[in-house]
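> Listed below are the residues making up each chain.
4 protein chains.
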Amino acid sequence: MPKMKAAIFVEPGRIVLDEKPIPDIGPLDALVRVTTTTICGTDIHILKGEYPVAKGLTIGHEPVGVIEKLGSAVEGYREGQRVIAGAITPSGHSYACLAGCGSQDGVGTAHGWKAMGGWKFGNTIDGCQAEYVRVPDAMVNLAPVPDDLTDEQVLMCPDIMSTGFAGAEGGRIRIGDTVAIFAQGPIGLCATVGAKLSGAASIIAVDAIPERLQISKQLGASHVVNFKEENPLDAIMRITGGRGVDVAIESLGTQTTFESCLRALRPGGTLSSLGVYSSDLKIPLDAFSAGLGDNTIRTSLCPGGKERMRRLIAVIASGRVDLKPLVTHRFKLDDIESAYDLFGHQRDGVLKVAITP
Amino acid sequence: MPKMKAAIFVEPGRIVLDEKPIPDIGPLDALVRVTTTTICGTDIHILKGEYPVAKGLTIGHEPVGVIEKLGSAVEGYREGQRVIAGAITPSGHSYACLAGCGSQDGVGTAHGWKAMGGWKFGNTIDGCQAEYVRVPDAMVNLAPVPDDLTDEQVLMCPDIMSTGFAGAEGGRIRIGDTVAIFAQGPIGLCATVGAKLSGAASIIAVDAIPERLQISKQLGASHVVNFKEENPLDAIMRITGGRGVDVAIESLGTQTTFESCLRALRPGGTLSSLGVYSSDLKIPLDAFSAGLGDNTIRTSLCPGGKERMRRLIAVIASGRVDLKPLVTHRFKLDDIESAYDLFGHQRDGVLKVAITP
Amino acid sequence: MPKMKAAIFVEPGRIVLDEKPIPDIGPLDALVRVTTTTICGTDIHILKGEYPVAKGLTIGHEPVGVIEKLGSAVEGYREGQRVIAGAITPSGHSYACLAGCGSQDGVGTAHGWKAMGGWKFGNTIDGCQAEYVRVPDAMVNLAPVPDDLTDEQVLMCPDIMSTGFAGAEGGRIRIGDTVAIFAQGPIGLCATVGAKLSGAASIIAVDAIPERLQISKQLGASHVVNFKEENPLDAIMRITGGRGVDVAIESLGTQTTFESCLRALRPGGTLSSLGVYSSDLKIPLDAFSAGLGDNTIRTSLCPGGKERMRRLIAVIASGRVDLKPLVTHRFKLDDIESAYDLFGHQRDGVLKVAITP
Amino acid sequence: MPKMKAAIFVEPGRIVLDEKPIPDIGPLDALVRVTTTTICGTDIHILKGEYPVAKGLTIGHEPVGVIEKLGSAVEGYREGQRVIAGAITPSGHSYACLAGCGSQDGVGTAHGWKAMGGWKFGNTIDGCQAEYVRVPDAMVNLAPVPDDLTDEQVLMCPDIMSTGFAGAEGGRIRIGDTVAIFAQGPIGLCATVGAKLSGAASIIAVDAIPERLQISKQLGASHVVNFKEENPLDAIMRITGGRGVDVAIESLGTQTTFESCLRALRPGGTLSSLGVYSSDLKIPLDAFSAGLGDNTIRTSLCPGGKERMRRLIAVIASGRVDLKPLVTHRFKLDDIESAYDLFGHQRDGVLKVAITP
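Residue numbers (numbering that gives the first Met the number 0), protein chains in the order written: chain A, 0 to 356; chain B, 0 to 356; chain C, 0 to 356; chain D, 0 to 356.
FYI, nobody ran anything at the bench for these hints, they're computed from the structure.
Mixed in with the good hints there might be a few duds.
One copy or any two copies: either way a pair holds, since identical chains are not told apart in the list.
[As the list claims (entries may be wrong)] Below, simulated EDC-like cross-link-like pairs (lysine to aspartate or glutamate); rule was C-alpha separation at most 20 Å, straight line:
no. : residue 1 : residue 2
1   : K113      : D233
2   : K113      : D285
3   : K323      : E228
4   : K19       : E67
5   : K54       : E78
6   : K113      : E74
7   : K227      : E10
8   : K68       : D147
9   : K227      : E78
10  : K113      : D333
Take these sequences, add in the hints, and give me the full structure.
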């Protein structure tokens with residue numbers, strides 16, 4: 000049985016590169032030879048043991064690659080074709096999928112829904128920080144990549160672009176809106192891009208790292224606020240004349256940013272939440288108008304599936320958005336442990352790393 | 000200056016019937032002679048001092064009456080016409096109103112938004128537990144009542160019917176949905192009616208008072224759960240085969256019901272909140288899929304304005320909904336202090352009282 | 000190769016019962032033994048040669064039955080299980096499906112969209128007026144039927160209930176709306192039910208057959224108009240006080256009804272169209288406010304897939320809707336040619352026929 | 000009674016500058032001294048007698064100016080304040096307005112709706128091609144202009160920017176959509192801008208005037224098609240790989256462009272119509288999938304009111320959009336007849352003219 004290299008979760012604190020068999024595929028699957036992938040903040044949670052996965056699992060959920068082999072029931076693709084798959088790989092046939100909510104895909108459950116069930120790569124099945132990855136439900140998930148786009152140009156599509164844009168979409172941003180975005184890491188930066196694409200007139204981005212605020216301006220923020228220099232709520236009320244924002248996007252996953260989002264909203268405003276939280280959240284009574292503020296809080300998990308990927312690729316191909324600046328470092332798969340070290344410790348201004356097997 | 004009787008907030012614990020001048024009106028106002036009104040749970044909060052209003056204010060926000068006098072700039076109505084006005088009386092011209100969010104009407108503020116600003120009667124201006132009430136922005140707020148409907152038939156329109164239906168609307172209920180409603184007081188019962196009108200296939204109503212559960216079945220619940228007899232989450236999971244509900248409506252305003260709503264939801268489900276909370280809320284991490292459940296939490300304040308009232312009256316007039324069973328007791332305005340006593344202590348199976356000056 | 004009986008399109012004017020091989024199935028398919036089916040107005044169009052299908056095709060797209068055999072890649076079902084499948088059988092994996100528009104499923108096309116491509120049974124593949132039917136993409140399309148519902152209770156789900164409800168949904172009917180529905184054949188009657196389930200306060204149903212208007216009242220119409228006795232637009236303006244309706248549903252497919260719908264609308268109203276038209280349509284300038292009326296015209300093809308079917312079955316199971324009155328006649332499959340004759344000539348007050356192999 | 004100059008409709012073919020009394024104002028009105036205005040395509044229809052208005056009416060519906068006097072009941076503004084008002088001036092208190100459809104404002108009608116009733120300036124009341132204009136319902140309609148924006152920067156807000164953006168909004172454009180826009184006059188160019196602000200990935204603009212296509216590219220079109228050089232449907236199918244567009248925007252008002260929009264759509268696509276038609280429209284059966292294509296046709300009349308204007312001004316103020324290139328010619332009010340001559344005959348590459356009293 001032929002072998003491949005893969006980044007494997009061994010135990011909390013240890014993800015190592017090791018050898019594994021190249022995956023077998025079933026009739027609906029595809030085997031993809033990974034040409035570029037990356038590391039996500041969620042992978043760091045896994046590394047630290049904050050998010051539990053099975054020992055021995057291959058990590059990673061952001062694949063760019065080439066179709067190596069197609070399952071017997073797969074039609075409409077050819078071997079050798081260049082593709083991506085989303086971080087979320089819906090089955091296409093659960094009740095959740097057919098209700099338009101593939102991220103909560105419950106295939107295999109009695110009733111068809113499972114919280115976060117669409118997230119399979121590097122979570123419930125082997126992921127793509129490896130030489131090869133098995134893509135389930137290939138006809139639902141494989142999105143062809145146009146020849147004139149490089150791997151790095153589409154590397155953000157599977158997760159952070161899809162997630163960040165979902166933050167804008169979840170806020171139902173309309174032309175002329177004022178939007179605040181708390182945290183400008185890779186996801187928050189993509190939310191900034193999404194807010195711009197959604198027609199926001201004012202985009203107020205909050206972070207404390209000057210380099211990130213710099214990129215944020217480049218990508219669409221009209222105002223940036225360094226929360227170490229100014230209270231961000233004061234800044235937002237100053238910028239909006241005391242009105243607050245129509246939409247606030249949370250892209251960090253902490254009580255502080257969640258609460259700041261609520262407090263930044265005008266009455267009737269929407270909090271769109273992208274963060275992965277690690278403890279209970281508190282909604283302060285006064286920040287919530289005692290339940291009478293006509294507010295909406297909406298959480299989004301990265302949308303997947305080939306139609307979503309097609310749309311994101313179309314945005315990249317249009318030239319309207321250039322996310323290559325997010326790729327700050329490049330590693331060979333052989334050096335992925337160093338990449339984890341750099342990315343996990345947020346050293347050297349790292350935003351995203353490109354890993355090439 | 001002619002006098003009238005009015006129920007006045009004197010201090011926490013004391014609402015008394017006293018004499019006051021009949022209100023003057025400005026060019027955009029109407030003076031309405033109240034023929035029937037009622038007491039709301041919110042009025043009890045005011046009575047207890049839990050919600051602060053100015054001493055001397057006339058309480059009450061649910062008027063049915065007859066136009067006594069029209070402001071000089073008011074057109075389209077005639078004196079003697081029978082009308083209602085919503086509990087919420089938007090100005091029609093603030094930015095909030097023009098954005099379709101009249102409950103957060105910020106007329107008079109710099110930027111046009113004010114949390115709960117649309118709620119004026121018995122909150123920021125004199126209310127309608129009186130012989131006469133001044134209705135601001137009359138052309139926006141006065142809704143004619145058809146001759147063939149009694150006062151009691153439309154008495155629920157200004158507040159609880161509008162609020163309860165907003166719970167169903169805020170949940171974006173679709174034909175075939177499964178909906179749970181926590182608490183079956185007057186608001187929750189109206190939410191049950193709203194869920195039925197929205198096409199819900201299963202409506203699971205939760206309360207502990209058998210009489211309320213009985214009326215709930217009459218008004219539309221397909222399943223009722225007495226939470227003193229069965230854990231309501233167990234019951235919901237039993238009824239839904241472990242799936243959870245598409246929409247959960249909170250109509251009490253407590254941490255327990257709020258949290259139960261979250262836990263009752265299927266992944267991707269919506270919590271529609273109607274309750275007036277009196278302390279911070281907690282969102283348990285596990286009930287929120289760590290922020291990755293594609294959930295929506297939406298709060299609604301009673302929608303007002305004459306178009307809203309017209310729609311609600313049309314529903315009553317159609318015969319599809321009969322809310323008269325909610326009126327369990329009747330009082331003269333002269334006896335309103337007794338009515339407060341009965342209603343405030345929830346004695347004698349009271350749901351709503353009708354007060355006639 | 001075992002044989003079965005099937006109703007086959009031979010040539011315009013001739014659908015005959017004949018023998019055919021029991022279908023083979025592929026890995027994603029299921030073979031269903033049909034226990035009850037029916038004839039649709041569309042089948043009559045096919046019979047008359049007005050809608051072209053291949054000679055030799057088995058007709059019919061409304062199956063109730065039992066799973067006889069499952070494809071090798073199908074999971075989550077068992078042989079012997081009682082199921083329905085929608086008239087529309089989306090693949091679940093085309094771009095159209097993943098965009099939430101399975102009725103325009105373009106699986107096999109270059110770009111994933113095909114007008115009406117989701118309609119396969121009795122159109123592009125063999126249908127279900129037969130002893131057995133092959134259901135493609137079984138995991139997407141098979142919806143289990145609860146034991147306590149009879150075949151006839153769910154017989155309307157695959158097509159006319161789904162289509163009729165789509166008329167209400169396409170109109171975005173809200174609580175308190177006034178809705179007119181032109182034509183009260185089986186589809187129009189289901190649109191009436193859908194309008195009621197959507198919260199319409201006034202439902203004005205238009206037809207010329209007294210029996211249909213009678214059933215219409217039973218199913219939810221608040222007003223019925225016999226267009227042979229009164230001009231329906233006059234009637235609608237009389238009933239609505241000259242305002243017009245919020246939503247008009249076209250359920251016949253003629254210029255007259257389409258145009259009447261437009262003229263019945265208030266400014267800003269929505270025409271929801273269900274009819275299958277057979278010639279160009281004209282939009283009269285004056286009925287369209289020269290393009291400045293903020294109007295919406297929306298056409299809907301019957302939504303399919305198991306989640307849609309599940310919702311419709313849930314509505315039936317709730318007891319809120321009883322569509323059995325629509326089944327006016329019953330035939331054995333052996334007598335299907337007589338059934339076509341009766342149904343095609345609309346004799347004897349026929350609404351829908353039940354066919355049992 | 001003091002006099003002012005105004006452009007007056009005398010008879011078909013004649014709009015002349017003449018003297019008229021400066022308007023009186025009522026309690027809810029404002030008198031605005033016009034500092035800049037412009038001529039609209041609709042004004043040319045009026046000039047030609049194609050759209051009937053009363054003889055003697057002052058024409059024009061796009062005012063930038065300064066508040067000269069406020070009605071006695073108007074609050075929240077000050078004399079001397081710089082403002083615009085939308086072409087459409089909703090009352091804020093009709094049922095149509097309260098239903099969010101102010102363009103069909105039916106104040107004064109029995110039921111509160113009137114087709115195009117929100118369009119008052121230069122249609123049912125005196126317009127703004129004059130030294131002064133009376134603005135009805137001032138608190139609903141006056142939108143302050145920030146000091147740092149010039150008159151010409153906000154001159155497109157009252158009509159063509161609002162209308163063009165409504166074309167994008169009416170199409171419900173989503174991030175990644177492909178959009179075609181037929182005709183690139185001022186409205187079509189603004190629709191192009193609106194499509195870009197809505198996140199369209201591909202924007203295909205169709206016209207025959209090279210200068211307009213040039214500006215179109217500048218403002219956001221990704222592809223421009225000169226229909227004199229290539230059949231636009233062929234071009235669209237070439238560009239989209241035969242798929243068609245998600246949204247087609249009609250911005251001319253002819254059968255040809257309307258029909259081309261329909262034919263350009265993918266199945267399930269939306270036609271957003273902005274044009275003012277002058278004859279009946281035909282929907283070809285084959286371009287409409289016989290009514291089974293899940294298509295939407297939506298018409299929009301320019302949204303007005305101060306909240307709409309505030310949003311548009313915010314977009315201009317953000318620097319995201321610069322519509323000054325649309326102002327190709329400038330005239331004094333004294334020379335407005337020459338301006339009509341130039342604009343009406345589309346000479347000299349004119350797009351929009353600025354008129355300054």
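> A separate judgement is required for each hint: does it hold in the structure or not?
Taking the hints in turn, this is what the structure says about them:
1. K113 <-> D233: between (40 Å within a copy, 18 Å between copies)
2. K113 <-> D285: So K113 and D285 pass the 20 Å test across copies only (13 Å; inside, 34 Å).
3. K323 <-> E228: neither (29 Å within a copy, 37 Å between copies)
4. K19 <-> E67: Within one copy, since 17 Å is at most 20 Å while 41 Å is not.
5. K54 <-> E78: So K54 and E78 fail the 20 Å test inside a copy (32 Å) and across (37 Å) alike.
6. K113 <-> E74: between (28 Å within a copy, 17 Å between copies)
7. K227 <-> E10: Result: close neither inside a copy nor across copies, 36 Å intra and 45 Å inter.
8. K68 <-> D147: The answer is neither: 23 Å in one copy and 46 Å across copies each exceed 20 Å.
9. K227 <-> E78: Result: close neither inside a copy nor across copies, 52 Å intra and 42 Å inter.
10. K113 <-> D333: Neither way: K113 and D333 sit 35 Å apart in one copy and 45 Å across, limit 20 Å.
Of the numbered hints stated above, those contradicted by the structure are hints 3, 5, 7, 8, 9 and 10, listed in ascending order.
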